[in-house]
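Novice: Residue strings, one per chain:
2 protein chains.
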Amino acid sequence: MDARIREHADVICNHSVDLAPGDNVVIDAHPVAADLVTALHEIVADHDAHPLAIQERTGKRFLRAYLRNHDGEFSAPEHVMALYEEMDVYIAVRGSDNVTQTSDVDPETQAAYAGATQELLDERLSKRWCLTQYPAPANAQLAQMSTEGYENFVWDAILRDWEDVRAFQSQMVELLDGASEIRVVSGEDTDVTMRVADNPTLNDYGEKNLPGGEVFTAPHPDSVEGEVYFDKPLYHQGREVTDVRLTFEGGEVVDHAAAKNEAVLTEVLETDEGASRLGELGIGMNRAIDQFSYNMLFDEKMGDTVHMAVGRAYEDTVGDGNERNDSAVHVDMIVDMSENSRIEVDSEVVQEDGTFVFEE
Amino acid sequence: MDARIREHADVICNHSVDLAPGDNVVIDAHPVAADLVTALHEIVADHDAHPLAIQERTGKRFLRAYLRNHDGEFSAPEHVMALYEEMDVYIAVRGSDNVTQTSDVDPETQAAYAGATQELLDERLSKRWCLTQYPAPANAQLAQMSTEGYENFVWDAILRDWEDVRAFQSQMVELLDGASEIRVVSGEDTDVTMRVADNPTLNDYGEKNLPGGEVFTAPHPDSVEGEVYFDKPLYHQGREVTDVRLTFEGGEVVDHAAAKNEAVLTEVLETDEGASRLGELGIGMNRAIDQFSYNMLFDEKMGDTVHMAVGRAYEDTVGDGNERNDSAVHVDMIVDMSENSRIEVDSEVVQEDGTFVFEE
Numbered sequence: 001m002d003a004r005i006r007e008h009a010d011v012i013c014n015h016s017v018d019l020a021p022g023d024n025v026v027i028d029a030h031p032v033a034a035d036l037v038t039a040l041h042e043i044v045a046d047h048d049a050h051p052l053a054i055q056e057r058t059g060k061r062f063l064r065a066y067l068r069n070h071d072g073e074f075s076a077p078e079h080v081m082a083l084y085e086e087m088d089v090y091i092a093v094r095g096s097d098n099v100t101q102t103s104d105v106d107p108e109t110q111a112a113y114a115g116a117t118q119e120l121l122d123e124r125l126s127k128r129w130c131l132t133q134y135p136a137p138a139n140a141q142l143a144q145m146s147t148e149g150y151e152n153f154v155w156d157a158i159l160r161d162w163e164d165v166r167a168f169q170s171q172m173v174e175l176l177d178g179a180s181e182i183r184v185v186s187g188e189d190t191d192v193t194m195r196v197a198d199n200p201t202l203n204d205y206g207e208k209n210l211p212g213g214e215v216f217t218a219p220h221p222d223s224v225e226g227e228v229y230f231d232k233p234l235y236h237q238g239r240e241v242t243d244v245r246l247t248f249e250g251g252e253v254v255d256h257a258a259a260k261n262e263a264v265l266t267e268v269l270e271t272d273e274g275a276s277r278l279g280e281l282g283i284g285m286n287r288a289i290d291q292f293s294y295n296m297l298f299d300e301k302m303g304d305t306v307h308m309a310v311g312r313a314y315e316d317t318v319g320d321g322n323e324r325n326d327s328a329v330h331v332d333m334i335v336d337m338s339e340n341s342r343i344e345v346d347s348e349v350v351q352e353d354g355t356f357v358f359e360e
Numbered sequence: 001m002d003a004r005i006r007e008h009a010d011v012i013c014n015h016s017v018d019l020a021p022g023d024n025v026v027i028d029a030h031p032v033a034a035d036l037v038t039a040l041h042e043i044v045a046d047h048d049a050h051p052l053a054i055q056e057r058t059g060k061r062f063l064r065a066y067l068r069n070h071d072g073e074f075s076a077p078e079h080v081m082a083l084y085e086e087m088d089v090y091i092a093v094r095g096s097d098n099v100t101q102t103s104d105v106d107p108e109t110q111a112a113y114a115g116a117t118q119e120l121l122d123e124r125l126s127k128r129w130c131l132t133q134y135p136a137p138a139n140a141q142l143a144q145m146s147t148e149g150y151e152n153f154v155w156d157a158i159l160r161d162w163e164d165v166r167a168f169q170s171q172m173v174e175l176l177d178g179a180s181e182i183r184v185v186s187g188e189d190t191d192v193t194m195r196v197a198d199n200p201t202l203n204d205y206g207e208k209n210l211p212g213g214e215v216f217t218a219p220h221p222d223s224v225e226g227e228v229y230f231d232k233p234l235y236h237q238g239r240e241v242t243d244v245r246l247t248f249e250g251g252e253v254v255d256h257a258a259a260k261n262e263a264v265l266t267e268v269l270e271t272d273e274g275a276s277r278l279g280e281l282g283i284g285m286n287r288a289i290d291q292f293s294y295n296m297l298f299d300e301k302m303g304d305t306v307h308m309a310v311g312r313a314y315e316d317t318v319g320d321g322n323e324r325n326d327s328a329v330h331v332d333m334i335v336d337m338s339e340n341s342r343i344e345v346d347s348e349v350v351q352e353d354g355t356f357v358f359e360e
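As they're listed, the protein sequences go chains A and B. Taking my numbering as reference, the numbering of the first sequence is continuous, increasing by one, and the terminal residue is 360. Taking my numbering as reference, the numbering of the second sequence is continuous, increasing by one, and the terminal residue is 360.
Where hints are given, some of them may not hold.
What the hints assert, rightly or not - A few chain A residues that face chain B, going by a derived Cβ cut-off under 10 Å, partial list only:
1) A49
2) A65
3) Y66
4) D71
These are computed hints drawn from the structure, not numbers from a lab. Beta carbons are placed, not taken as given, at the ideal position from N, Cα and C, and that holds for glycine.
Could you build all of it, start to finish, from the sequences and the hints given here?
Specialist: Here it is in structure tokens:
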């Protein structure tokens, strides 16, 4: 087994979910990640905790078989709910042998199933949890990398000194907390402002998401003004949308365009009221992530980028009394900030061409 | 996918566990059996039941990692217990990529873990359940067969008309129910008698065990007299014991011998009081099983054999008021009945050289 797999397991258990004696642990992983699941069992034993390996959200081949043969009247399974209720820690490992495994399942069926099992998701999210990635060949292929190159990419992003990361990123959190307005400028096509007053900024240093490496907050839903060109493609439900452009007025997207699969973008924006307003502004600060990989768990933390999500705002990023943008969707898109770009906080430049003011 | 896999899944769901709408189903299987698990998900969907794929008893590599890194003070995990309590149907699929995966785990640790998690086993056995086999290459290797040869062997044994089997075997059940004494004679070395009066005979036609194909009852623990030579090897905890001979007096094994690994046999017999007395007499009637495969799930159902188990008797095979042999062990061993042999029930021959009286 690659030595980095045991290090990965160590970070998950001893940093991300902070495993404690007696914890009831569920590990949800595809067999391609069996090495990591094995290493996790070693550490779970060290902590005198209790492991169970399952394939619920990761068993996409099984899910496909189930969904394609079901009449569509779904309900949440009571035995899985009972498992999750007694669970203290949930570890979900992304990675499979075919990332397009559910491509021939009717999207409406998938949505109906997701809706019917929402309470399972809510229960998982109410526990200590971590979502991480195993560098399987199929995921390397999605990222357009060699398998070995992708292994290096994944573990470089994950095997960080997360206390250092926390300290580094907290400087950005300090700049944003207490700010009223943020302006993001990049190239000729992106110049957007938004109010964030009294909305907390969160520091993501590899706990619920591994890799971590961003700070993020929520704009006031009606405050966004300007234009954004998203340099990086949006990969949504297996379809690639490129060169997305959004124009905001009074917080709302009043114009949108894309070079490829614009219809997918339109569909997202028209999901509901909140889907055409921003729910998140995030600043990617993990410079070990230096390539786009068609995987938002990594892409949104990429160094020298910002991302904006249309749709639902995270509860913890909305201050008391402030409006929270609500939606069934939360779709992140990424702007390159490495060149000819800046972030202004209340008219002061805090990042220019990828360099933060606290690095100068 | 081999067409026989969907037939196998169909037998499991529609015969063995008799799946009903809304059933909460747990499928415990190693990834080598992913085709069968997929086919099971299709049928579970057809029945509007709820599947969950886990690796609890089947995840031997994970279990090895856990057991080797644990301090040895085990307790039963509450979240797994909660899952099993809400479960209606448990399907365990044997089959792995290495049948000797736990060979370097201290047997005492394994025993301590089994003891601490006994309540999980009891809970599973209180539900509708099925134990079956996937014909994985490692299991073919254990059986000393080619992979394709083993696939044919496994599915020939499993894909039977189980109603026909039930009817055929019920003739033997009728002969044994109401009998007082059974005598088994084979070759020069086996001649043993035992009382079975008022102990029910069960008909195994592919429900809890798939394949099924035996009828079995319990001898009175103090009634067994004579000598038995077991033609087929005993494969116990990864070790092969050959040419086992047992001599019974007053129900107790008073002499024993084996050509290979006699110490393993001695260890079994000395486990506790009940380990040196019989807990089961079974008659193998599945003639599709025509080879020994080092897998008791198949071997004990082999046509033209009988098996006797030292140790624990099944509760359902002991009549009210009769003594039930109790032990921590239940170890089956097999006598070939195809040649120069007979079974007598109250001095009447019911099987001779493998042919039953009702077949003549």
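Novice: Hint by hint, which ones does the structure fall short of?
Specialist: none
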